[in-house]
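Undergrad: Each chain, letter by letter, is given below.
2 protein chains.
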Amino acid sequence: MIALSSSHRSHATTVSLRHPDGSPWSGAEVTVRQVRHAFAFGNIGFDFVDLAAAEVGIGSNGPHVFGGADRDSAERLVELWLDVFNTATLPFYWAGFEPVEGQPDTERLLAAARWFRERGVSLKGHPLVWHTLAPDWLRGRADEEVEDVVRARVRREVGTFAGLIDTWDAINEVVIMPVFDNEEHQNAVTRLCRRIGRIPTVRLAFEEARSVGAGVRLVLNDFDMSTAYECLIEGVLEAGIQVDAIGLQSHMHQGYWGEERTLATLERFARYGLPLQMTETTLLSGDLMPPEIEDLNDFQPPTWPSTPEGEERQADEVVRHYRTLLSHPAVEAVNYWGITDRGAWLGAPAGLVRADGTPKPAYDALRRLIKQEWWLAPTALRTDDHGSVPVTGWAGDYEIEVAGEAHPFTIAPDGAPVEVVVG
Amino acid sequence: MIALSSSHRSHATTVSLRHPDGSPWSGAEVTVRQVRHAFAFGNIGFDFVDLAAAEVGIGSNGPHVFGGADRDSAERLVELWLDVFNTATLPFYWAGFEPVEGQPDTERLLAAARWFRERGVSLKGHPLVWHTLAPDWLRGRADEEVEDVVRARVRREVGTFAGLIDTWDAINEVVIMPVFDNEEHQNAVTRLCRRIGRIPTVRLAFEEARSVGAGVRLVLNDFDMSTAYECLIEGVLEAGIQVDAIGLQSHMHQGYWGEERTLATLERFARYGLPLQMTETTLLSGDLMPPEIEDLNDFQPPTWPSTPEGEERQADEVVRHYRTLLSHPAVEAVNYWGITDRGAWLGAPAGLVRADGTPKPAYDALRRLIKQEWWLAPTALRTDDHGSVPVTGWAGDYEIEVAGEAHPFTIAPDGAPVEVVVG
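Heads up: the protein sequence lines correspond to chains H and B, in order. Residues in the first sequence are numbered from 88 upward in steps of one, following the numbering used here. Residues in the second sequence are numbered from 88 upward in steps of one, following the numbering used here.
The shape of chain H in the complex, shown without the other chains (with noise of 0.2 Å):
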């Protein structure tokens, strides 16, 4: 047994209130609650799209290319993503975004990221540049243009969304890109990738995204956590390009990692002092696929239950999972792939509630985990002399009521002392 801690995500510190003259609110009864964490506990957002757009007046755009309930089931889900993950991932996968050249599904996605910042949740788009999913009409243009309208499509994304979407997969398994021969014609992307090179690909979308969106945060994501990924962040950092954190995929359709192999593959990665996210984490409630296989795509059965075991199975795992990847320094992000099996990918049953809309006991463990054991629940306290309370939680926002009142802080990544100025 593998002893993990994510004890260093938690600091003690001091909050201190004071009166607009700088002197202590001494002897006053307060009570702390934490309102959200600043680690990011992700999921896709897809299921919500067409729900968000809908209370704006825009209608659907017919099935989605990837995964996403029904308007029905999302408005039973929105409660249970939104009380357990505070980062939604938002889908541009290019061929469903602009299935006709010119005539982008822009403002159905504007409309998703809006509503979930309403409602504090902060968001990634996923993915700028993917040779899966290019759009067929790109197909036929000559390299060179191919080059210039995948240039725009990045500028056009960033620029439009900035200031709603602050993270962004820029490109997406390059390591597979130039030689994925998958498909029965070769789309325009590996095309690109092949000609080009793959460094100068991950370059194109990188510098096209940082060119619109001075402060957006920048990934490198890819599912091939063997060498060959090691080889190519090296390659990328070694050609100046500024990568602010590096993605890693882990849909475990084929059977959990286990902590070993999990804290070898953090560790692997972890070296280049980059920030993880993981970006895509699955875990099945039902049968695994069988190991032979080696593009996932290539199992989707008729039917995928979830079973009463395989959901055991999941919430043990899940728990296991976060607990192993938490407990590394170097993780920043963990994106859950999948809130709901209705409309999951490959319809596995990868979702944290079943598709009748209950919740699975995966779901409630990870709750556990977030809310509840990394959380500060709500705590009353009284000020000493000084007018401090001391508090021990997470990095993340939270609020200290007084008189009646609540007022916001927030808990820093290095734990500094807070003040709080209340008049």
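Hints are computed from structural coordinates only; laboratory data are not their basis. C-beta atoms are modelled at their ideal positions from N, C-alpha and C, and glycine is treated no differently. Warning: the hint list may mix true and false statements.
To be verified - Sample of chain B residues facing chain H (criterion: CB under 8 Å; computed from the structure):
hint, residue
1, R226
2, I263
3, V266
4, G284
5, S313
6, E325
7, A326
8, T352
9, R355
Got chain H; can you put chain B on it based on the hints?
TA: The following block gives chain B in isolation, referenced to the frame of chain H:
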């Protein structure tokens, strides 16, 4: 069945004989014969190092770190080796070459290098930097010191052997280098590579070698044929490191790759526009290694015999493999890894000659290809009014005999017409 052709390597050219005054030797009876291939048909020369050294009075340095037949059998092997191969790889495994710091095995290797050059054989040194067989005495050194010692070693070997060894595997197996852990105590080169990164380690090897050997050909060599190696190469090239050729190992102890996989591999690595060297080619004439072995070094049975059926299979596969490799225009060298089963790497029956010194069918088959099918046999011709004869042959060294005297000429890689002045 894939149609394989190496016809692009054969040039229909014209050789014109001239008197010193420029007038044509017309109507002369001549014989044209090939002397040497320009293409590097290589093999390891490990087996002859002791033999060559003994000829100049230098004794053996004891058991070798990697293969090498004993001296008695080496004497019988010389003729077989020289009849097929024109390029020898010499061993510079650091732990064996310099078992005690400051006492390198230079004189013995210089004797071997001279021995081969006197016999018209080109040389390659293998390898300058590698984590496996890094010397034990290096392990205790501080980080910065390790880097200095590695740099000095690269300069020393390339400088000392200048004019004898014109090609080096500058660095070996970088994909796995920083994460290599199949050893009890971490070696110093893995530690260095992990600390400074793969690309700086590659740069170190290439820059130091280039600094003392302006004309040397430097090869990046790896056994990893996956996308990881592609990613490494792209990073190295993007970083501006001048790589002269990409080295691809192909120890097929677990089975022949087949034409399709071989061609696909060549295509993937040829797209960088650099020549390809097949640096380490083996095909067994006995049982194959089980497929589940990951590090070939982990399988070394007490006996591993060559069998009659295995020898037939090996002969067939050697011919098919060489045909496949030579069909690809990017391939400039094929180095077979072992002339004899005696002292062969891992004890495997990978040699072209049995341990008892008799040639296997693969030897005869390979000789037929290289010295018959792809070779211009002595051909009697009569010069025309311009003193010319048509000659069709591969790039390489030839001679034309006229009036009882042989005169050398060369067919260049572009097959340009040749003039020979005879006076």
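Undergrad: Against each hint, give a clear statement of whether it holds in the structure.
TA: Against the structure, the hints:
1. R226: Constraint on R226/B not satisfied, violated at 20 Å.
2. I263: Holds. Min distance 7 Å.
3. V266: Holds, about 6 Å.
4. G284: 5 Å, holds
5. S313: Since chain H brings a Cβ to about 6 Å from S313/B, closer than 8 Å, the hint holds.
6. E325: OK, holds: E325/B within 8 Å of chain H, min 4 Å.
7. A326: 5 Å, holds
8. T352: 11 Å, violated
9. R355: 7 Å, holds
In this structure, the earlier hints numbered 1 and 8 are contradicted, and the remaining ones agree with it.
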